[in-house]
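Engineer: Chains as they are written, first to last, in the numbering used here: chain A, 1 to 168; chain B, 1 to 331.
Since the hints were derived computationally from the structure, they do not count as laboratory data.
Some hints could be false.
Said to hold, decoys possible - Per the computed footprint, the stretches of chain A lying under chain B, defined by three or more beta-carbons under 8 Å from a beta-carbon of chain B, are: (1) 63-74; (2) 104-114; (3) 118-132; (4) 135-144; (5) 147-159.
Cβ atoms here follow ideal geometry from the backbone N, Cα and C, with glycine treated the same way.
So you can see what is in the structure, the chains are spelled out below.
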Amino acid sequence: MTTVDYKTEFGSVADFEKGGVTIINDNPKNYVFSNIYDVANTSAPYERVVVAINREYVIEAARAEGASPLYTNAHDEFVLCMDGEVEVELMKPEVALLPSDAEGAHLVEGEAEGQKMGRLVLGRGHQGLLPAGCLYRFSSVKVSVISVQSILGPVSVQKWADICQTEA
Amino acid sequence: MVNDTSIQKHFATLPQDNETGYKSFEMGSFKFSRDEYFAYITWPTGSHMMSIDAFLRALMRDVAWGFFYGTVNFDPVFGTTNLYGQVEMFAGTYHDSYKEGGLDWQERFESEELMPMFKAMVSDWTVEGFDPFASPMETNDAFGAKNGDNDEAVQRARVTAKRMVGLDGDTPLRTDESGFPVNRMFADVDQSQPVVQAEPGFEDQVSAYNLYGYLSRSDVTWNPSVCSVVKESLFCPTTEEYILPVEHGNDRVEWFIQLSDEITWEVKDKESGKPRAIVTMKPGDVSAMPADIRHQGFSNKRSMLLVWENASPVIPDLIKKGESPVVPVEF
Numbered sequence: 001m002t003t004v005d006y007k008t009e010f011g012s013v014a015d016f017e018k019g020g021v022t023i024i025n026d027n028p029k030n031y032v033f034s035n036i037y038d039v040a041n042t043s044a045p046y047e048r049v050v051v052a053i054n055r056e057y058v059i060e061a062a063r064a065e066g067a068s069p070l071y072t073n074a075h076d077e078f079v080l081c082m083d084g085e086v087e088v089e090l091m092k093p094e095v096a097l098l099p100s101d102a103e104g105a106h107l108v109e110g111e112a113e114g115q116k117m118g119r120l121v122l123g124r125g126h127q128g129l130l131p132a133g134c135l136y137r138f139s140s141v142k143v144s145v146i147s148v149q150s151i152l153g154p155v156s157v158q159k160w161a162d163i164c165q166t167e168a
Numbered sequence: 001m002v003n004d005t006s007i008q009k010h011f012a013t014l015p016q017d018n019e020t021g022y023k024s025f026e027m028g029s030f031k032f033s034r035d036e037y038f039a040y041i042t043w044p045t046g047s048h049m050m051s052i053d054a055f056l057r058a059l060m061r062d063v064a065w066g067f068f069y070g071t072v073n074f075d076p077v078f079g080t081t082n083l084y085g086q087v088e089m090f091a092g093t094y095h096d097s098y099k100e101g102g103l104d105w106q107e108r109f110e111s112e113e114l115m116p117m118f119k120a121m122v123s124d125w126t127v128e129g130f131d132p133f134a135s136p137m138e139t140n141d142a143f144g145a146k147n148g149d150n151d152e153a154v155q156r157a158r159v160t161a162k163r164m165v166g167l168d169g170d171t172p173l174r175t176d177e178s179g180f181p182v183n184r185m186f187a188d189v190d191q192s193q194p195v196v197q198a199e200p201g202f203e204d205q206v207s208a209y210n211l212y213g214y215l216s217r218s219d220v221t222w223n224p225s226v227c228s229v230v231k232e233s234l235f236c237p238t239t240e241e242y243i244l245p246v247e248h249g250n251d252r253v254e255w256f257i258q259l260s261d262e263i264t265w266e267v268k269d270k271e272s273g274k275p276r277a278i279v280t281m282k283p284g285d286v287s288a289m290p291a292d293i294r295h296q297g298f299s300n301k302r303s304m305l306l307v308w309e310n311a312s313p314v315i316p317d318l319i320k321k322g323e324s325p326v327v328p329v330e331f
């Protein structure tokens with residue numbers, strides 16, 4: 001009997017192929033179809049582009065390249081490295097920087113002071129916790145790709161017409 | 001056609017059949033029986049039959065998912081709709097011809113009363129060696145007369161992390177030692193864990209794990225499991241092989257992100273079942289499933305899919321009232 005040698009296909013920012021929506025009787029925009037590697041290829045570093053939204057909740061995709069700004073949050077977020085390698089530096093601010101009901105990631109201007117919590121080094125497929133109330137910064141030596149499970153906030157960028165399939 | 005919203009209280013388990021050895025079940029006026037090849041469903045205005053393997057695979061998902069979000073169509077005729085606390089069982093309700101012919105029927109049950117009957121049915125009708133969660137190439141078949149059971153397989157609990165997989169007190173990682181070897185189709189998936197360096201006192205806050213490695217060790221297919229939680233936002237990645245055993249009818253917007261390999265989705269109108277689109281998803285692709293469709297996936301090689309749900313209980317009512325759109329965003 002022939003043995004099949006299975007190969008798992010993952011995309012990358014340098015090598016990806018988009019699928020798509022074939023319309024029978026519908027509007028392609030209803031499917032809000034995009035590709036995270038394509039978004040990373042066409043966006044500025046750490047531009048947190050919303051690729052999925054469900055009322056207030058979002059999944060953001062970003063090109064990770066160099067060091068990101070410093071962010072803070074009032075709720076947990078989760079980062080998934082989808083290509084390359086990304087380091088996450090975590091700190092605890094001396095005082096809470098956001099009200100407890102603040103939503104999404106927020107930029108922190110200047111050099112915030114905080115207690116070092118630790119660091120993560122995420123390779124492809126690794127998911128990490130960005131705990132509520134922390135300060136965090138991403139960095140990546142090479143171009144990498146991350147997605148973030150979060151809530152719509154001031155750093156979320158919506159540019160649906162630029163990233164989504166609009167024609168059948 | 002019956003659209004009775006009263007709660008059905010009739011439940012019965014009938015003795016095993018002398019020839020096949022299987023029990024029959026009654027829930028409201030729906031009656032269920034099986035023989036060596038088929039499941040039979042009858043209701044006051046009609047009857048229906050399904051191949052027993054397809055029926056058990058669908059029933060298994062309905063049980064494991066706790067009736068899931070929205071509608072679980074076992075096939076174009078029979079299924080359940082989750083009313084969150086109650087469940088509607090239907091035949092022909094979402095099938096134009098059955099409705100036009102007056103054969104459609106639906107009845108309502110308390111979820112906590114219907115679930116034990118579904119569990120009893122999947123337990124009694126699953127024979128030794130058949131695993132309704134497994135892909136067809138990884139299990140024996142479901143056919144023949146009663147021959148043992150596979151309760152170990154059908155009683156698996158769905159993984160639901162409270163915060164994130166791998167945190168202390170939360171869903172543990174999968175390992176060889178815990179009974180989760182790497183699946184044959186994911187033998188090439190990197191199993192290394194991320195670097196995690198926590199300062200003293202922050203060990204419960206500084207955490208990461210290999211999600212792709214975790215998924216490569218899943219022993220079930222088409223069974224979304226919660227891996228991380230932001231309030232009501234649930235990351236529910238899953239591994240998919242062959243065909244989703246149900247047509248899932250949405251009562252809210254749902255999102256898919258293809259993490260590896262490829263899935264083709266057939267999308268139909270939720271009410272009529274008429275085809276609307278085919279969505280082909282490759283690694284990195286993101287697609288919404290609108291709240292007024294049903295969908296069924298096909299994956300020729302085991303793939304990793306991130307299913308993303310908003311678990312808010314108010315969404316179905318908002319959509320019914322027209323206060324929340326059936327698509328996630330307009331542009």
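Engineer: Would you mind marking each hint as holding or not holding in the structure?
Structural biologist: Hint-by-hint comparison with the structure:
no.	hint	result
1	63-74	violated (count 0)
2	104-114	violated (count 0)
3	118-132	holds (count 13)
4	135-144	violated (count 0)
5	147-159	holds (count 5)
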